[in-house]
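Chemist: Listed below, chain by chain, are the residues.
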Amino acid sequence: MSFTPEPGTPLAVYYAETRPRTGAVLSRRSLGTLDPVTIGRYAMTIGATDPVHYDPAAARSAGYADVVAPPNLLAAMVEWGIGTPEDRLQPDGTPVDGDVPVGGGLGLRVMGAGEEMELVNPVVAGTELVLETTLEAVTPKQTRGGTCVFVTTLNTFRSADGAVLNRNRRTVVLRNPAGES
Amino acid sequence: MSDNFRVGDELPRLRHTVTTFQLFRYSAVTWNPHRIHFDEPHAREEGHAGLALHSHLRAALALRCITEGLGPAWRVTNVDYRLRKPVYAPAEVVYTARITVIDGDSMTVELSEESPSGEVGFEGTARVSTTGAAT
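Chains A and B supply the protein sequences, listed in that same order.
First residue of the first sequence? That's 1 in the numbering used here, and the numbers climb one at a time after it.
First residue of the second sequence? That's 1 in the numbering used here, and the numbers climb one at a time after it.
Bear in mind the hints are in silico, worked out from the structure with no lab data behind them.
It is possible that part of the hints are untrue.
Derived Cβ-Cβ restraints for the label pairs, each shown as a range [what the hints assert, rightly or not]:
| # | chain 1 | residue 1 | chain 2 | residue 2 | range |
| --- | --- | --- | --- | --- | --- |
| 1 | A | 161 | B | 104 | 25 to 31 Å |
| 2 | A | 97 | B | 50 | 27 to 33 Å |
| 3 | B | 39 | A | 146 | 21 to 27 Å |
| 4 | B | 120 | A | 49 | 37 to 43 Å |
| 5 | B | 5 | A | 31 | 35 to 41 Å |
| 6 | A | 97 | B | 130 | 38 to 44 Å |
| 7 | B | 10 | A | 37 | 23 to 29 Å |
| 8 | A | 104 | B | 47 | 16 to 22 Å |
| 9 | A | 58 | B | 13 | 21 to 27 Å |
| 10 | B | 24 | A | 33 | 21 to 27 Å |
| 11 | A | 66 | B | 2 | 46 to 52 Å |
| 12 | A | 150 | B | 90 | 43 to 49 Å |
| 13 | A | 31 | B | 47 | 29 to 35 Å |
Chain A regions said to be covered by chain B (calculated; three or more residues, Cβ under 8 Å) [said to hold, decoys possible]:
| # | region |
| --- | --- |
| 14 | 16-22 |
| 15 | 32-39 |
| 16 | 49-62 |
| 17 | 69-81 |
| 18 | 126-138 |
C-beta atoms are modelled at their ideal positions from N, C-alpha and C, and glycine is treated no differently.
I would like the entire structure built from these sequences, with the hints used as guidance.
Modeler: Laid out in structure tokens, this is it:
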């Protein structure tokens with residue numbers, strides 16, 4: 001049985017605008033060079049103590065070219081480079097023009113719902129990163145928590161020479177603003 | 001290498017206390033300005049019961065359970081997880097990794113996260129391999 005968000009709601013507007021873009025490449029861009037400080041900070045923040053994340057000599061002894069990122073570092077980064085100016089952030093803090101279309105200006109609530117990651121090659125410091133984002137699916141659902149739309153994007157991270165590092169299918173769930181159905 | 005493991009083996013559990021400091025630092029290092037992770041009044045306005053753990057932080061902790069349990073000879077090659085319930089900081093979370101398939105140099109591991117309420121809020125699977133553990 002098909003289901004669509006209640007007409008007239010922000011979620012219905014979002015669904016009508018976004019679903020036709022299914023299959024489109026949303027962006028393809030260079031992210032710059034992954035530096036060792038970012039890898040070390042990420043590792044420290046999640047509590048990973050393996051020296052391969054901090055010490056180039058330990059990483060080389062383990063067979064890596066330089067310090068290596070924990071498995072989901074690329075997936076976890078919300079913004080690369082200097083990021084979005086504050087006047088381009090929505091009231092909930094999410095960037096208007098982020099990699100995942102979150103309905104800029106509609107006030108939708110967004111949360112991560114899951115991810116499918118293919119970790120093709122280790123990600124080491126000094127790698128020049130290129131990211132291509134494709135909109136894979138826009139699916140409305142009625143859940144116990146109310147009406148929502150699940151959005152899945154495929155993020156393919158490559159090094160500058162074209163080698164695939166990660167293929168990540170990320171799903172977020174969008175809901176109407178608090179107080180709306 | 002997989003001879004050391006049997007289907008049904010559970011890796012050492014990862015018990016971790018997620019603090020609001022950790023949420024702040026995770027937002028900072030991932031350059032994530034989403035307010036539900038650092039602005040509690042806003043998070044509650046959105047219907048949350050407090051500051052929400054980042055989905056990727058929960059995944060990172062679950063993956064630590066694997067990488068620390070198996071050691072450097074193994075590399076995570078595939079991960080698939082779903083979030084069933086939000087968890088709010090501060091929180092004591094426990095991650096479990098159980099081997100469900102052994103196939104030559106690869107294994108499949110089932111992941112779950114138990115929150116203070118006893119509910120499973122995160123579940124998934126990961127594939128690990130000894131092939132290409134480093135390059």
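Chemist: All the hints need checking, so say for each whether the structure fits it.
Modeler: Hint-by-hint comparison with the structure:
1. 161(A) to 104(B): 25 to 31 Å: Because 30 Å falls inside the window, the suggested range holds.
2. 97(A) to 50(B): 27 to 33 Å: Once the Cβ atoms are compared, 29 Å apart, the range 27 to 33 Å for residue 50(B) and residue 97(A) holds.
3. 39(B) to 146(A): 21 to 27 Å: holds (23 Å)
4. 120(B) to 49(A): 37 to 43 Å: violated (27 Å)
5. 5(B) to 31(A): 35 to 41 Å: holds (37 Å)
6. 97(A) to 130(B): 38 to 44 Å: Roughly 41 Å apart at Cβ, these two residues keep to the hinted range, so it holds.
7. 10(B) to 37(A): 23 to 29 Å: At 35 Å between Cβs, range violated.
8. 104(A) to 47(B): 16 to 22 Å: Because 21 Å falls inside the window, the suggested range holds.
9. 58(A) to 13(B): 21 to 27 Å: holds (26 Å)
10. 24(B) to 33(A): 21 to 27 Å: Given about 26 Å between the Cβ atoms, the range holds.
11. 66(A) to 2(B): 46 to 52 Å: violated (29 Å)
12. 150(A) to 90(B): 43 to 49 Å: For residue 150(A) and residue 90(B) the Cβ distance comes to about 29 Å; the hint is violated.
13. 31(A) to 47(B): 29 to 35 Å: holds (33 Å)
14. 16-22: n = 0 at 8 Å, threshold three: violated.
15. 32-39: Result for this restraint: violated, n = 1.
16. 49-62: holds (count 3)
17. 69-81: holds (count 9)
18. 126-138: It is violated: at least three residues are needed, and the region 126-138 of chain A offers just 0 whose Cβ sits closer than 8 Å to chain B.
Hints 4, 7, 11, 12, 14, 15, 18 from the list above are not met by this structure, while the remaining hints are.
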